[in-house]
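K.L.:
Listed here are the chains, written in short residue letters.
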Amino acid sequence: MPDTRRGIVAYGAYVPYSRLQRSAITAALGTGGGRGTRAVASYDEDATSMAVEAGRMLMRSAPDGLTPDAIYFATSTPPYLDKTNANVIHAALDLPSRVFAGDVGGSPRSVNAALRAAIGGGRPTMVVAADVRSGRPGSGDEANTGDAAVAWLIGSDDDGPLLAEWLGGASATEEFLDRWRLPEWNYSRVWEERFGEHAYLPLVTEAAEAAFKECEIEPGDVDKVVIAGLHARAVRGAARAAGVDGAKVVDDLTTVVGQTGSAHAGLVLAATLDDAAPGETIMVIHLVDGVDVGFFRTTEAIADQQPAATVAAQIEAGNDSLDYNTFLTWRGFLDREPPRRPDPVPPAAPPSFRSDRWKYAFVGSRDASSGAIHLPPQRVSVKGGAVDEMEPVPMADVPGTVVTFTIDRLAYSLSPPTIAVVIDFDGGGRFQCQLTDADPDDVKIGDRVSMTFRRLLTADGVHNYFWKARPIGGSE
Amino acid sequence: MGSKGIKDQVAIVGMGCTPFGEHWDKSVDDMLIDAATDAYASAGIGQDDVDAFWFGTLGSGTSGLTLSRPLKIDYKPVTRVENMCATGSEAFRNACYAVASGAYDVVMAIGVEKLKDNGMSGLVGAKVPDDGTRPELTAPAMFSLLAPAYANKYGVDTDEMKDVLTRIAWKNHYNGARNPRAQFRKEVGKDTICNAPLIAGQLGIFDCSGVSDGSAAAILCRAEDAHKYTDKPLYVKGLGFSAGPAAGPIDTDYDYTTFNEVVRSAADAYAQAGVTDPRAEVAMAEVHDCFTPTELVLMEDLGFADRGMGWKEVLAGTYDLDGELPVNPDGGLKSFGHPIGASGLRMLFECWLQLRQEAPDDRQIRAVTELGKTLGMTHNLGGAPGECVSFVSIVGSELG
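Here the protein sequences line up with chains B and S, keeping their order.
All residue numbers for the first sequence refer to this note's numbering, where the first residue is 2 and numbers rise by one.
All residue numbers for the second sequence refer to this note's numbering, where the first residue is 988 and numbers rise by one.
Treat the hints with care, since some could be wrong.
The calculated DSS-like cross-link candidates involving lysine-lysine, where the alpha carbons are at most 30 Å apart (straight line), are [claimed, not checked]:
1) S:1103 - S:1013
2) S:1013 - S:991
3) S:1215 - B:384
4) S:1013 - S:1177
5) S:1063 - S:991
6) B:84 - S:1114
7) B:384 - S:1059
8) S:1149 - S:991
9) B:249 - B:225
10) S:991 - S:1059
11) B:225 - B:214
12) S:1114 - S:1103
13) S:1140 - B:445
14) S:1149 - S:1177
15) S:1103 - B:445
16) S:1299 - B:384
17) S:1063 - S:1215
18) B:445 - S:1013
19) S:1140 - S:1114
20) S:1177 - S:994
21) S:1140 - S:1299
22) S:1013 - S:1059
23) S:994 - B:445
24) S:1215 - S:1059
Computed spacing ranges between beta-carbons, pair by pair [said to hold, decoys possible]:
25) B:61 - S:1293: 45 to 53 Å
26) S:1173 - B:36: 51 to 59 Å
27) S:1084 - B:371: 16 to 24 Å
28) B:336 - S:1049: 35 to 43 Å
Just so you have them, the derived chain B footprint on chain S, three or more residues with Cβ under 8 Å [claimed, not checked]:
29) 1012 to 1026
30) 1104 to 1114
Hints in this document: simulated from the structure, not taken from any laboratory.
Because the structure is a prediction, the values reported are computed rather than measured.
Every residue, glycine too, gets a C-beta built ideally from N, C-alpha and C.
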């Protein structure tokens, strides 16, 4: 074998905790909605914070010591423009400065630009995709989209055992007006859906035929088919247009999670890989302003993989009690009266820069003489008073236990009341922070928690990213 | 302890205290003028007799000019003092040392706070630019962390805990109803307290001190000069102050059922004053009841109850106005609100009234009039559980 194979070395997916029942929309508006649920990024999440969570899942299952050469972050809902969102992911994953970080964005097809670059390159590359999607109240997008993130580590055999080898693919591109959004809009608009179907399906046929030919694969060789796209009607017709057996099409998760835009093809592929057997040929058909078709084949290594949390487990852990008014508030469609408290203050740039490993990667300090762990890092130890004998100690993946707590009904929050907990971490270290993805009525001393990367607030256009605790398991 | 103490070296010979409340019609200047004028009159002196001033405010102004400008002080030293919610006490403490040092004959400690002009709910602190990683808890939330930790440690169930907190609020409102200077001058029923809307954790609106405006002032001189100004001076017996590593929020040894700073500052003040059994020796205590769980924990930290027993003492009425050791006989922060720079001096003002037997009849403490106890104490803290500053003073109406 002269050529080094490239493919998926590791992956991670993140589905946020909250679900909105589509019937809640119908109940409130008398229109819209439908059956099933959609995943909802919490008020303290955005595309970047979710991408961090997916990246953390990936790093936990990646080969030890493997550092990507680059991170490409694809999102059509970037929290910042003019400022690289991927840098936040880079910082939160505590990657060395030599690792490149860049955004690809605009439309959901950008994720495929990043994947093509990663697959075509020679170095291990992380591709992360995330969207927070919604639409105007009562719209199809509001009900049928969802929020999620996915991360891929694309590399070669040299970087670690491939879970799935990239076999090749093909694309078809055509200019047509199906879905669009101006930068200042928080919703998309779509053309009449039968037109989109008319435009998309011939491109599916063209790309699929080219991909089969390119990879010397027959439709009958395909074991599983992943089909994703924001145009639901075209997605439904895609298997037939591609000439593949509809029975091989995997559940596209839209009933429970919704269509998650930039993340969705990857999310469904992740769910497929979670329980794939070695030697399976997986075809991905992505309808996304054009059509991209690709093939992966799982390897022997897939039998031994242990995902940090499978997509199915995260779906199972979801909470579908979110009410529609809260959903609208979180997404900015309901401008509610704030408490009579000062406006939130943004973090200042120089202090954030000085403490970036603490703020973004939750790295504390351990006193070499006493072993005491300090969160945030200190120079003088609380035990023994040793000065500057500290070493960094990463704490983001250490679980902890609630020592005491309170429900703060006065604090400013987009989703009051806030829950504050004091946590003692396993093996030492204490921190006081907010508890998220939790019911205020269920918190008690002794609860087990893990840390999660969140957007605490936005003030003066500055997003304040930091860590919160969440109940372990994510459900009650 | 490193404190040498200045027992019986300094006397309080005059005090003034404005009514506390929502003073829509009074400015910071007005309140300072009122408190200072009353203090001068109380000591029978004029402003020109005061050699130096210690002026406390958290946020109602900066520098000594905030005091000297309205009072037209004649080019004298004015020190502006800030130490969070213990600011008023800190002005008093530093003024005491100025007199004890011999640098001045007569000084004033004065504090003020105007909280009602900002239009916000609760206290609002100034924010230093930071990295946005500090927990953003409101004051009631910070102090409400004590309740579940205490209940869990000592096996107090949730309903019992609510009864204990309710009783503290009920007692302080009962006392405040007998104080014409208090912000809230009505008794509040236990059911009303218990069923009030929740603010943070178990704390309802009546578990929180109010938000008010006010000012208070004291005139100090050397003890040997005291009788030039009054027949009934109070003598400073002990002054304890503690600021620690503020490590509670990061140190797993801290259990949220005590204030280490209070324990240390109380031990220091008691040692200076020669007090060995505070519960028996002190006639009354004004303590920092910013929220009801704070007062509960303070009873143990100040040595008024054994560890884990404070809640039973509260329910037994030990700290009631007619109890064994009346706590917050003036109504406390609960009835007065907490105009930060003024509160520590407002506490001292109640000692001034009670130990001189000048409190109204329905509030005068029996331990002074009938049992002949001569010591009072004030306790003032700023910050939050695990990270606070704490002040304790012992004052007495007799030398020795």
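K.L.:
Going straight from one Cα to the other, do residue 1103 (chain S) and residue 445 (chain B) come out at no more than 30 Å?
P.N.:
Measuring from Cα to Cα gives roughly 36 Å; hence the hint is violated.
K.L.:
Has the given pair, residue 1013 (chain S) with residue 991 (chain S), been kept, meaning a C-alpha gap of at most 30 Å?
P.N.:
violated (41 Å)
K.L.:
With a cut-off of 30 Å on the C-alpha distance, tell me whether residue 1149 (chain S) and residue 991 (chain S) pass.
P.N.:
Outside the cut-off at roughly 42 Å; violated.
K.L.:
For the pair supplied as a hint, residue 1140 (chain S) and residue 445 (chain B), is the alpha-carbon distance within the 30 Å limit?
P.N.:
Holds - the C-alpha atoms of residue 445 (chain B) and residue 1140 (chain S) are around 13 Å apart, at most 30 Å.
K.L.:
Below or equal to 30 Å on CA atoms is what counts here, so check residue 994 (chain S) against residue 445 (chain B).
P.N.:
violated (47 Å)
K.L.:
Tell me if the straight-line CA distance from residue 1149 (chain S) to residue 1177 (chain S) falls inside 30 Å.
P.N.:
holds (10 Å)
K.L.:
Is residue 991 (chain S) close enough to residue 1059 (chain S), meaning Cα to Cα at most 30 Å?
P.N.:
Distance ~36 Å between residue 991 (chain S) and residue 1059 (chain S) Cα, so the pair is violated.
K.L.:
Quick one, are residue 84 (chain B) and residue 1114 (chain S) close enough, alpha carbons at most 30 Å?
P.N.:
holds (26 Å)
K.L.:
Could you grab the alpha-carbon distance between residue 1140 (chain S) and residue 1114 (chain S) and see if it respects the 30 Å cut-off?
P.N.:
The hint is violated at about 34 Å.
K.L.:
Indicate whether the distance between the beta carbons of residue 1084 (chain S) and residue 371 (chain B) respects the range 16 to 24 Å.
P.N.:
violated (36 Å)
K.L.:
So if I understand the rule, the pair passes when the alpha-carbon distance is 30 Å or less; does residue 1114 (chain S) with residue 1103 (chain S) pass?
P.N.:
holds (19 Å)
K.L.:
Okay, residue 336 (chain B) versus residue 1049 (chain S) on CB: inside 35 to 43 Å?
P.N.:
holds (37 Å)
Figure legend: structure checked against the earlier numbered hints; hints not met, in rising order: 2, 3, 4, 7, 8, 10, 15, 16, 18, 19, 20, 23, 27, 29.
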